Amino acid sequence: AQSVTQLDSHVSVSEGTPVLLRCNYSSSYSPSLFWYVQHPNKGLQLLLKYTSAATLVKGINGFEAEFKKSETSFHLTKPSAHMSDAAEYFCVVSGYAGNNRKLIWGLGTSLAVNP
Amino acid sequence: ETGVTQSPTHLIKTRGQQVTLRCSSQSGHNTVSWYQQALGQGPQFIFQYYREEENGRGNFPPRFSGLQFPNYSSELNVNALELDDSALYLCASSTGTGGYEQYFGPGTRLTVT
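The listed protein sequences derive, respectively, from chains B and D.
For reference, each letter of the first sequence is one residue, going 3 to 117 in my numbering.
For reference, each letter of the second sequence is one residue, going 959 to 1071 in my numbering.
In short, the hints are calculated from the structure, not lab data.
Since this is a predicted model, take the numbers as computed values, not measurements.
From the three backbone atoms N, C-alpha and C, an ideal C-beta is built for every residue, glycine too.
Relax, there's no trap hidden among the hints.
Over 10 Å on every C-beta distance to chain B, these chain D residues come out as not near it, computed from the model: (1) K971; (2) P1019; (3) R1021; (4) F1022; (5) F1027; (6) D1042.
Simulated restraints, written as ranges between beta carbons of each label pair: (7) D:I970 - B:S72: 48 to 54 Å; (8) D:K971 - B:M85: 34 to 40 Å; (9) D:P1028 - B:S14: 44 to 50 Å.
Using the sequences and the accompanying hints, generate a full structural model.
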């Protein structure tokens, strides 16, 4: 069965410092992986996706993620945090719910950016 | 290209009532998925519609039902509302039924009193 674990429920960084949001996955086959962001009282926006092409994936707003099969990880990074990055971040893996292939969501990581 | 839209944005209902939420998928997308997101929680998959047929369902009771129309827009219906149904309901559209990135609407905030 496929699963995804976000290792930190809350991350706090200072503006201008690097961001690291950790995600581990479990999949019996080559997965598709995604990161979504949700700003307060807003819908979800796709940040980036990995679909078995380049292992380093660049997304919007300066975010990127590296697929590491040996570590079953897909951590999200950004070199320099901005106040507008404060939001909830979800790591998602494609997998099966019963007989249907679906997106399986992590529980989310809340990112706070301090001035 | 038009994104995913949902209506209404906010809704207040009384326990026991019925509600219908609407979603228009992004142009070119034939699949719609519905999620419930309680406050402070991640999205919970309700069900998915592909070409007007239900294509998978999460752990939600039958009083949660849906429809997809020939233009791929969709409705979520909830009967006999309960207080725990208060949540943000998100609709997402995609070009396929699984493993494809989904594009979300802004959501409908439902409050049940």
